Amino acid sequence: KAGVTQTPRYLIKTRGQQVTLSCSPISGHRSVSWYQQTPGQGLQFLFEYFSETQRNKGNFPGRFSGRQFSNSRSEMNVSTLELGDSALYLCASSPGLAGYNEQFFGPGTRLTVL
Amino acid sequence: QQQVKQSPQSLIVQKGGISIINCAYENTAFDYFPWYQQFPGKGPALLIAIRPDVSEKKEGRFTISFNKSAKQFSLHIMDSQPGDSATYFCAASSRVTGGGNKLTFGTGTQLKVEL
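Protein chains in written order, with my numbering: chain Z, 1 to 114; chain P, 1001 to 1115.
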């Protein structure tokens, strides 16, 4: 099975712009979660989507949003970019079954905000 | 509020030695504790996980020890190898309303295994 893929791998934007990141989960997985990884804050949960619905949400401002399509692919959008949004954005997929499922992470998208 | 505290921040171990990384949590609702390994340029990968109904779980050279009363858990890497050099994250999760789970991560430990 192919792993989790994220595009693009690297992105450079300027303050005030918006950005859309994409994640394709492992085939058959219905849950996609997004995490932000920074040296200062570590790995922080953004949100989880399951069957096209946001199922869980972390403590990030409304500038961070996401969606999931019927094929389980997910996109994350950040509007009005700030310098502090520079981070590695990781997507993780899991089957989404009842109970705890192993989350499989993609390689991430490195976002740099200038 | 940091709900999972991890130590040490960095660790240097000789080849063949034992690497020990510790984590402590505050939220008593946590009931799933995975450890992730991350190499540069890669996403984290699940190494081993434990539920609080057992005090220890071993998979190959990796062992999780869990102390529910102290709200602490640790990762032991036996016979550490240079290939184990990576960043290790502990995490915790609880069942959330509506299903699914979200992981709360520790701050990470950079392990270097020297020859």
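It should be emphasised that the hints constitute simulated quantities derived from the structure, not laboratory data. Quick caveat, the model's predicted, so the values are computed rather than measured. Please note that a few of the clues may not be correct.
Unchecked claim - Away from chain Z, derived, C-beta distances all over 12 Å, residues of chain P:
no., residue
1, Val1004
2, Gln1014
3, Leu1046
4, Thr1063
5, Phe1066
6, Ser1069
7, Ser1094
What the hints assert, rightly or not - Facing chain Z, according to a computed beta carbon distance under 8 Å, are these residues of chain P, among others:
no., residue
8, Gly1043
9, Ala1045
10, Lys1057
11, Phe1105
To be verified - Here are the computed lysine to any residue pairs in the SDA-like style, where the Cα-Cα straight-line distance is at most 20 Å:
no., chain 1, residue 1, chain 2, residue 2
12, P, Lys1042, Z, Pro61
13, P, Lys1005, Z, Thr38
14, P, Lys1005, Z, Gly42
15, P, Lys1042, Z, Ser51
16, P, Lys1042, Z, Gly3
17, P, Lys1042, Z, Pro107
Glycine included, each C-beta is placed from N, C-alpha and C at the ideal position.
Exercise for review: Taking the numbered hints from earlier one at a time, note which ones the structure violates and give those numbers from smallest to largest.
Suggested key: 1, 3, 7, 10, 12, 15
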